[in-house]
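Engineer: Working from the sequences, and respecting the hints, build out all of it.
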Amino acid sequence: MRLLTHNMLSCNIKGVTNGFPLRLEVEKFVEKEVDFSAEFLRNIFPKIEWKALVDAARSMGYAELPDEADSSMLDSDDFLKKFHHALLELHLEEGALICPETGRRFPVNKGIPNMLLHEDEV
Amino acid sequence: MNTLFRTTESPFLQYLNQPSTSDRRRRISSLPVRIGLGRSTRTGLAKTTTRMMASSSSAATETVGREVLKKGIADFYDESSGIWEDIWGDHMHHGFYNPDVQASISDHRSAQIRMIEESLSFAGVPEDSLKKPKSIVDVGCGIGGSSRYLARKYGAQCQGITLSPVQAQRAQALAAAQGLADKQVSFQVADALQQPFPDGQFDLVWSMESGEHMPDKKKFVSELARVAAPGATIIMVTWCHRDLSPSEDSLKPEEEKLLNKICDAYYLPAWCSAADYVKLLQSLSLQDIKAADWSQYVAPFWPAVIRSALTWKGLTSLLRSGWKTMKGALAMPLMIEGYQKDLIKFAIITCRKPK
Chain X
1 MRLLTHNMLS
11 CNIKGVTNGF
21 PLRLEVEKFV
31 EKEVDFSAEF
41 LRNIFPKIEW
51 KALVDAARSM
61 GYAELPDEAD
71 SSMLDSDDFL
81 KKFHHALLEL
91 HLEEGALICP
101 ETGRRFPVNK
111 GIPNMLLHED
121 EV
Chain E
1 MNTLFRTTES
11 PFLQYLNQPS
21 TSDRRRRISS
31 LPVRIGLGRS
41 TRTGLAKTTT
51 RMMASSSSAA
61 TETVGREVLK
71 KGIADFYDES
81 SGIWEDIWGD
91 HMHHGFYNPD
101 VQASISDHRS
111 AQIRMIEESL
121 SFAGVPEDSL
131 KKPKSIVDVG
141 CGIGGSSRYL
151 ARKYGAQCQG
161 ITLSPVQAQR
171 AQALAAAQGL
181 ADKQVSFQVA
191 DALQQPFPDG
201 QFDLVWSMES
211 GEHMPDKKKF
221 VSELARVAAP
231 GATIIMVTWC
241 HRDLSPSEDS
251 LKPEEEKLLN
261 KICDAYYLPA
271 WCSAADYVKL
281 LQSLSLQDIK
291 AADWSQYVAP
301 FWPAVIRSAL
311 TWKGLTSLLR
321 SGWKTMKGAL
331 AMPLMIEGYQ
341 KDLIKFAIIT
351 CRKPK
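Chains as they are written, first to last, in UniProt numbering: chain X, 1 to 122; chain E, 1 to 355.
Don't take each hint at face value.
Claimed, not checked - Taking beta-carbon pairs under 7 Å as the criterion, some of the chain X residues facing chain E (in silico):
| # | residue |
| --- | --- |
| 1 | 5 |
| 2 | 12 |
| 3 | 34 |
| 4 | 113 |
| 5 | 114 |
| 6 | 115 |
| 7 | 116 |
| 8 | 117 |
What the hints assert, rightly or not - A short list of chain E residues far from chain X (calculated; beta carbon distances all over 12 Å):
| # | residue |
| --- | --- |
| 9 | 79 |
| 10 | 253 |
| 11 | 284 |
What the hints contain is simulated information worked out from the structure, not anything from laboratory work. All of these numbers come straight from a predicted model, not from anything done at the bench. Just so you know, even glycine gets a beta-carbon here, dropped at the ideal spot from N, CA and C.
Structural biologist: See the structure below:
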């Protein structure tokens, strides 16, 4: 699961109001090289919850992203490279996503999150 | 997604000759979810569940029924996805054909692509670079055929959800092999009735032949609407039963009986009509609601699937498959019967979320 995906997932256990962003529990992660596209990054930037990305990247050991970002930074090659790396090249293979409100663990196996709820959470 | 095809053994051929076997499943009429839990179910889950149901309150009963259904669906697709893909490829939906045409096996792949294109066209999804969808959700994504196709067509991001872990893995692997996994598509194991996304995420909400599996049509449609962004298009292509006439309260008993047999084999909860879906969409204040009956355009599909099952490859695959897949195959003639009786309809229902 790359962090682009993580940025779009939330916990929807019944009654939870603060289900985003999910915290990462990292057992195994890999870095995969991905083709760089500045245009892609510029298009996706407005949709990204920046703080969630920064925190998630940090939990995978990558702390190079600035705490805050605005669209003017998209002109900087250096910024784009870091954004690219965090968003697309860090993959959680084994671990879990944790609901910030309830602590519920959603397992991630072979890179695929299992977001199914139990009967009593619905 | 639907079907599977199976078995060379005489039971299958007998079944073809005698289409109406007796319904051995006790119809559990007290449950909103009508699924058979007869002896043929492999796991002990069914027996345990039946005992539990006898003693529980109705709410708890429904919950247990839902969990059994979800597990049934997941197991069904875990078991049969590979075999389907082997013979039919990565699109697990009906093809769209010109009426009254005898399609050859090579036409089916392009018919399945045509189904996607005709659906997008019916819904009026914009293609120009400013208005085309940039983020898409594929609800009930199977092994990701639609996800990859749509991601490529629009250059968009696509998230797919399925109850089947095997399908999610396979979908991911296919995406990686096609160079889409890096940026464009990703897959999660999740429930369409509780989509793991915040509100308003997607410009295009796609449900291609997954609606049949949803036990709570209202919740299903609400979730589609919830995750749709303002101005987004929602497309549902699904099996329905015929619309009821104004004087009818329900389908005829023999119609219900036929549908129950099909439900049992394909892990489908109760059916509804296209008109029921339209009402649900209206109740959610969605706009530009359109519905059509495409049954005539999919007529060649089930006979083609049966023919593919009866090939050497089909039969040997069936023999190696599990019981759930075989049961699915045995039910295929029932689908044909349902269509011929104008009971089963292949419907498309689309709408837009207000801006």
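Engineer: Against each hint, give a clear statement of whether it holds in the structure.
Structural biologist: Cross-check of the supplied hints:
Given the 7 Å rule on beta carbons, the hint for residue 5 of chain X holds: about 4 Å separates it from the nearest Cβ of chain E. Checking residue 12 of chain X against chain E by beta carbon gives a least distance of about 5 Å; that is within 7 Å, so the hint holds. Checking residue 34 of chain X against chain E: minimum C-beta separation of about 4 Å stays under 7 Å; hint holds. For the restraint placing residue 113 of chain X at the interface with chain E, the shortest Cβ-Cβ distance is roughly 5 Å, inside the 7 Å limit, so the hint holds.
Using the Cβ-Cβ criterion of 7 Å, the hint placing residue 114 of chain X at the interface with chain E is satisfied: the shortest such distance is roughly 4 Å. With 7 Å as the threshold, the beta carbon of residue 115 of chain X comes within range of chain E, its nearest partner Cβ sitting at about 4 Å, so the hint holds. Evaluation of the residue 116 of chain X hint against chain E yields a held restraint, the C-beta minimum of about 6 Å falling below 7 Å. Because the smallest distance between the Cβ of residue 117 of chain X and any Cβ of chain E comes to about 5 Å, under 7 Å, the interface hint for this residue holds.
A cut-off of 12 Å between C-beta atoms confirms that residue 79 of chain E is not in contact with chain X; the least separation is 18 Å. Interface exclusion of residue 253 of chain E from chain X stands, the closest Cβ pair being 32 Å apart, more than 12 Å. Here residue 284 of chain E stays apart from chain X, with its beta-carbon at least about 18 Å from theirs, past the 12 Å limit.
Of the numbered hints stated above, none is contradicted by the structure.
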